[in-house]
Amino acid sequence: MSSGAKRADAVELTRALTRIDSRNPTLVPGAPGEREVARFLAEILSGWGFSVELRDAVPNRPNVVARIGSPDSPALMFAGHLDTVGVEGMSHAPFDAEIRDEKIFGRGSTDMKSGVASMCIAAKAAADAVGKSANRQIIVAAVVDEEYASIGMRELVASGITAEAAILTEPTRLAICPAHRGFVWVEVELTGRAAHGSRYDIGVDAIRHAALVLADLDRLETEDLPRRTHRLLGRGSLHASAIEGGSGLSTYPDRCVFTIERRTLPGETAETALSEVREACERVRVQRPELSAQIRLIEAQAPSDVSVDAPVVEMLKRAMAEERVEPIVEGMSAWTDAAILNSAGIPAICFGPGDISLAHAKEEFVAISEIEEATAVLTRMARDWLSEKT
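Read in order, the letters of the sequence shown correspond to residues 201 to 590 in this note's numbering.
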């Protein structure tokens, strides 16, 4: 397979994957999920000579795990997710994979079917180049549910899979991203006392108590968090996501519930965020002893942090330099499955075509030039890995 054909195939595979509706059914009730796209990709990889498994993370939502190279040898993993978010409000056809102005348009084109296509084509091209002299192996993992709870990557790790390093081909605009923030979702329920609007003497306003707690958390966001920074990621953040409460204009509200999202830096945990909320409530309670708050953790995902001079970063830098792609190292704004691999002891970083700012947007596209460059870099990296003696 020539270099030109290899790169063209990555573009065509991106379009083929984008045409398959794989919206996450947890996010979009009634959506088809990843089954069809997983089977399509597994069939292609099997036809290319990969050893392929389809393993359900949950019923009818299978991960694709494919291997090529020397069996039972040290592995480099290329990983990505197959699910996408919904399509409501999109300004173009979501699944046509139309090419316009040297870009592929479609839901999932940038997040992250172009990355999945690039890593698959790269693994095949490298294995073809090295042939039977391969000393190591490449694992290609295409998982489900990254857009919600990462049940796919969690199942993959629980299965005992191992690798010396991993590249997640998330959309980074071809930057090397060794770190990203985590997130914590918290629900706070304030309980008041319902009363007629004229009875200030007995009514307890749960909404005002919520406002006071949020005002205290605002000081955390504007004063404290800017002082805590990470070399690649900058600062963490906090925002209120939703709020509801009250039953009528002339009634003291006996309940108010709000949710917050706290984006965390390496070293910060779910307990960090929960403690911040508890402390905010305690400070308000000093002035309002009647405040009653229940704090509940909804979901949390850890940050990811790999050293900028880790072997996997250096290996990718070399491949980029050899392909004349400038090796830029920066932090990634969004959360990814890299955090789960890192927690399992597999150093994982992000590098891929596409711009994360276009993910989930009404207009989603990926530049063909980025698919081509990503494929070339990953092919070089995979070829070097397969050729290296164990």
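One or more hints might be untrue.
[Stated by the list, open to error] Heads up, simulated DSBU-like pairs for lysine-lysine below, C-alpha to C-alpha not over 30 Å straight-line:
| hint | residue 1 | residue 2 |
| --- | --- | --- |
| 1 | Lys303 | Lys562 |
| 2 | Lys332 | Lys562 |
| 3 | Lys589 | Lys517 |
| 4 | Lys303 | Lys589 |
| 5 | Lys332 | Lys517 |
[Unchecked claim] Just the calculated beta-carbon pair ranges, DEER-fashion:
| hint | residue 1 | residue 2 | range |
| --- | --- | --- | --- |
| 6 | Ser533 | Glu563 | 36 to 42 Å |
| 7 | Glu288 | Lys589 | 37 to 43 Å |
| 8 | Glu387 | Ser246 | 19 to 25 Å |
| 9 | Gly249 | Glu588 | 18 to 24 Å |
| 10 | Arg419 | Asp272 | 42 to 48 Å |
| 11 | Ser569 | Thr590 | 31 to 37 Å |
| 12 | Ser557 | Gly331 | 26 to 32 Å |
It should be emphasised that the hints constitute simulated quantities derived from the structure, not laboratory data. Beta carbons: idealized from backbone N, C-alpha and C, even for Gly.
Mind listing which of the numbered hints don't hold for this structure, in increasing order? 2, 4, 6, 7, 8, 10 and 12
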